[in-house]
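**Q** Protein sequence lines, in the order shown, are assigned to chains A and B. Residue numbers for the first sequence follow our numbering, beginning at 7 and rising by one. Residue numbers for the second sequence follow our numbering, beginning at 7 and rising by one.
What the hints contain is simulated information worked out from the structure, not anything from laboratory work. It cannot be assumed that every hint is accurate.
A pair counts as met if it fits within one copy or between any two copies, since identical chains are not told apart.
Distance condition first, Cα-Cα at most 16 Å in a straight line; then the derived EDC-like pairs of lysine to aspartate or glutamate [unchecked claim]:
no., residue 1, residue 2
1, Lys-383, Glu-49
2, Lys-383, Asp-253
3, Lys-383, Asp-165
4, Lys-125, Asp-314
5, Lys-125, Glu-191
6, Lys-383, Glu-431
2 protein chains.
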Amino acid sequence: MTDSWANEAGGERRVTAVTVGADLHLELRGPGLRTGLMDALREAVRTGRLTPGTRLPSSRTLAADLGMARNTVADAYAELVAEGWLTARQGSGTRVARRAEPRTTTALGRPPARPVHRKPAHNLRAGTPDLGSFPRAEWLAASRRALTAAPNDAFDYGDRLGRVELRTVLADYLARTRGVYAHPERVVLCSGFVHGLALMAQVLATRRGSAAGKAAGSAAGSAGGKAGGKGRAAVAVESYGLDFHRDILTAAGLRTPALALDELGTRTEELSSGPGGLRGVDAVLMTPAHQFPTGAALHPDRRAAVVDWARGAGGLILEDDYDGEFRYDRQPVGALQGLDPERVVYLGTASKSLAPGLRLAWMVLPRALVGEVIEAKGEVAAVPSAMDQLTLAEFISCGAYDRHVRSMRLRYRRRRDQLVEALAEHAPGCRVTGISAGLHAVVELPPGTDERTMIEAAAWQGLAIQGLSGFRHPSVAPGRDALVVGYGAPTDSAWAGALDALCRVLP
Amino acid sequence: MTDSWANEAGGERRVTAVTVGADLHLELRGPGLRTGLMDALREAVRTGRLTPGTRLPSSRTLAADLGMARNTVADAYAELVAEGWLTARQGSGTRVARRAEPRTTTALGRPPARPVHRKPAHNLRAGTPDLGSFPRAEWLAASRRALTAAPNDAFDYGDRLGRVELRTVLADYLARTRGVYAHPERVVLCSGFVHGLALMAQVLATRRGSAAGKAAGSAAGSAGGKAGGKGRAAVAVESYGLDFHRDILTAAGLRTPALALDELGTRTEELSSGPGGLRGVDAVLMTPAHQFPTGAALHPDRRAAVVDWARGAGGLILEDDYDGEFRYDRQPVGALQGLDPERVVYLGTASKSLAPGLRLAWMVLPRALVGEVIEAKGEVAAVPSAMDQLTLAEFISCGAYDRHVRSMRLRYRRRRDQLVEALAEHAPGCRVTGISAGLHAVVELPPGTDERTMIEAAAWQGLAIQGLSGFRHPSVAPGRDALVVGYGAPTDSAWAGALDALCRVLP
Chain A
7 MTDSWANEAG
17 GERRVTAVTV
27 GADLHLELRG
37 PGLRTGLMDA
47 LREAVRTGRL
57 TPGTRLPSSR
67 TLAADLGMAR
77 NTVADAYAEL
87 VAEGWLTARQ
97 GSGTRVARRA
107 EPRTTTALGR
117 PPARPVHRKP
127 AHNLRAGTPD
137 LGSFPRAEWL
147 AASRRALTAA
157 PNDAFDYGDR
167 LGRVELRTVL
177 ADYLARTRGV
187 YAHPERVVLC
197 SGFVHGLALM
207 AQVLATRRGS
217 AAGKAAGSAA
227 GSAGGKAGGK
237 GRAAVAVESY
247 GLDFHRDILT
257 AAGLRTPALA
267 LDELGTRTEE
277 LSSGPGGLRG
287 VDAVLMTPAH
297 QFPTGAALHP
307 DRRAAVVDWA
317 RGAGGLILED
327 DYDGEFRYDR
337 QPVGALQGLD
347 PERVVYLGTA
357 SKSLAPGLRL
367 AWMVLPRALV
377 GEVIEAKGEV
387 AAVPSAMDQL
397 TLAEFISCGA
407 YDRHVRSMRL
417 RYRRRRDQLV
427 EALAEHAPGC
437 RVTGISAGLH
447 AVVELPPGTD
457 ERTMIEAAAW
467 QGLAIQGLSG
477 FRHPSVAPGR
487 DALVVGYGAP
497 TDSAWAGALD
507 ALCRVLP
Chain B
7 MTDSWANEAG
17 GERRVTAVTV
27 GADLHLELRG
37 PGLRTGLMDA
47 LREAVRTGRL
57 TPGTRLPSSR
67 TLAADLGMAR
77 NTVADAYAEL
87 VAEGWLTARQ
97 GSGTRVARRA
107 EPRTTTALGR
117 PPARPVHRKP
127 AHNLRAGTPD
137 LGSFPRAEWL
147 AASRRALTAA
157 PNDAFDYGDR
167 LGRVELRTVL
177 ADYLARTRGV
187 YAHPERVVLC
197 SGFVHGLALM
207 AQVLATRRGS
217 AAGKAAGSAA
227 GSAGGKAGGK
237 GRAAVAVESY
247 GLDFHRDILT
257 AAGLRTPALA
267 LDELGTRTEE
277 LSSGPGGLRG
287 VDAVLMTPAH
297 QFPTGAALHP
307 DRRAAVVDWA
317 RGAGGLILED
327 DYDGEFRYDR
337 QPVGALQGLD
347 PERVVYLGTA
357 SKSLAPGLRL
367 AWMVLPRALV
377 GEVIEAKGEV
387 AAVPSAMDQL
397 TLAEFISCGA
407 YDRHVRSMRL
417 RYRRRRDQLV
427 EALAEHAPGC
437 RVTGISAGLH
447 AVVELPPGTD
457 ERTMIEAAAW
467 QGLAIQGLSG
477 FRHPSVAPGR
487 DALVVGYGAP
497 TDSAWAGALD
507 ALCRVLP
């Protein structure tokens, strides 16, 4: 076993970079496998790349990833524990010992993780995909092809819409996979979903502003239609969602009244209804394919209702299709946008399907809005990196994106199944909902169990998790106690540990 | 589309949306599986959801996803090929046929160049580097190393400051090459220079806003110091510069009074002087290393004067070091920031040294400003692409950036020399100034020659060039007639032709 590696490495002490598990970066060298691994681990600790408290992969996982015998890894771990580099405790796995003092930078000029807030051992927060599965090799290959083929002007200050290569490929992709009616001239590239949302907020605020200006000269009291509007435009939001999405809307001067929701999704009929319904709403921000975070898919009647409202009232639908690609138990629901491309702004992102670090998202706009959005973009931070735009265009058109999404769908689906199974066994009092799609589920806690207590108990286990109430619109009455379990974030090797921790916490 | 809804409404055939492979969105109906699939594919092609050239999943994959027999799918494909809807070629798979009425796209989803405004044959506009020299191979190699070595969390939503790898490397680089006093915790990464400038504008506007709020309760008439301020913060700008930089400041609610300039650079002594000087200025935006566009390097006395002003008046200097790396005839002037890191905000960019398409720039901030700038960044478009950040970090630390800058410096210097020689020969009446640095020069026209006429004459030669007056601050009286000749933009092969065209135009 020891020889095989040395031979593979060419007999010499070739420095070999190895990704371990999904995220341990070791440089193996030395006379034998065991000593090579030990040296690499010592150096990683010494230079601070492995910080105190970091949990190492199990010897079995690491051995599998390195192509070593499990005993070799177990022996290396045991020696390093004996030397004081690592600690091994029952139930806590093998970790980097606390005493090891990290330097501030390594020989390679790469600094260690900043010594800010310590990371939780287990992360089940919603909203992050498995970053360990980012398809580095395929991305690099696409990048190589794209940059080699790119015309010189691809590296210039770009079109505010974004590179036409990517807009064209995305138009095809979204039509094919999400039933979006897309044309490259309606696709606008943004630096992340929030950039797109901020642009739409600006457009809506400006419109109302100029409309109010025009109306100022005419009769003052508008008959009911915009009552309560106080001149400010309003974007209705779902009663559960992300607070910083609401913040972006309010920062633009918009009101954000809430629409109630239930198991069939958001009650869009409230947009049109008479007494008790919402009035004076200019637009609605929704997650129809998989309500975030409660998990419902919008019922067909309600899909129809919101489109009817938009047509009748001249309203706009902002469709946040953040995880539309990940649906498990039945056919994906096509995007709402397909029902009325002139009334729906479709917003998609590479943050869930690939990685948030790309800062790449897209909007498909009603034709009439393209000019206003381009105007709103202005000169500042108008487009994402040309390199990433070109690379993603190639990544999609060569089929790698489809393959990646398919592989991630299988992976997330497996995790979801494991989550449901584990909870059925260990926490039979909990009910799991919102599981037909996406990267998270809602775990309803049994009566008498308090959400906040659970989250604190989880923190003691090193488990970061969110409560449903953290997503509640401020105007909405408290609902049932529940946890939002994101099963996207852990790497494959960390997932089992995170699930175990969750089961220990739940009643 | 209408048909399908009619069918659905009539209840005659179930409409079934199907995910194929990762992602073909089909509506299956019809009397049998095979005909249903064929109808769905035909409709998808006809409506443009599947565009010409799109590759379809293999029959095996599609069959698995649809739960059909593989032969059924293969038969359907074969019939559609026979009908001319699809094509099947060895090694290319089954694709949508070209003849199917194309939208604006070409076969591979790569669009043709947009038929927008025609490009000039020769481009001597200032502000763009030679994009043909972008070091694609070295950039890709750095990208490969960086992405392979990156920890998983590099792909996550990032720190608002930007990736620590790049901030660390930049701090070293700027200290070494520009004499900037930099520490990674003071380096903030932005999506281009304008992003950084917009952040600073926001910070300055907010400060004055809160200061004005506080002062409102106290004595009203401030004794001269902020006279003319009308409560709005002011950023003094140079009397020649880019209008959209001024626009960013005014859009934030700032005033932008102009500072005069001469051959020794901007008259910074006007900031402190009594009568006739500028008053109530909170900050000054400058290009000290190479005034844009007039080309002077700020005289040492004036460097001292602006720093003295900043210290005495509590002002801030925004140092736009856009091309500090390109200086030819003597040692580069170190950044002003080194004189007082607590009073100068250093702004640098990869747009001139590498390419604007990267959308990557950086600020080095006074310690006291870091928090405010982070706050101003907010959630939207806060950081550039993680991929580019990591790649640039590696590109700098492996020495490729230094090599690239050195090579480009030689190249630009050669062009500058050729420009000066050519003009001496063909347009002896013109005087060339501002040539000791950068990617552009100012060509003063002989008396009796009109700037505007020259630019029009150039346009007839297919030569795009700018006049100096286009950079003049609106409050400044017209100066001499001159052209700003950017010698960065042409590729090496285009340069000689552009220079010839210029010589034909000049008197």
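**Q** Failing hints, ascending?
**A** 1, 4, 5 and 6
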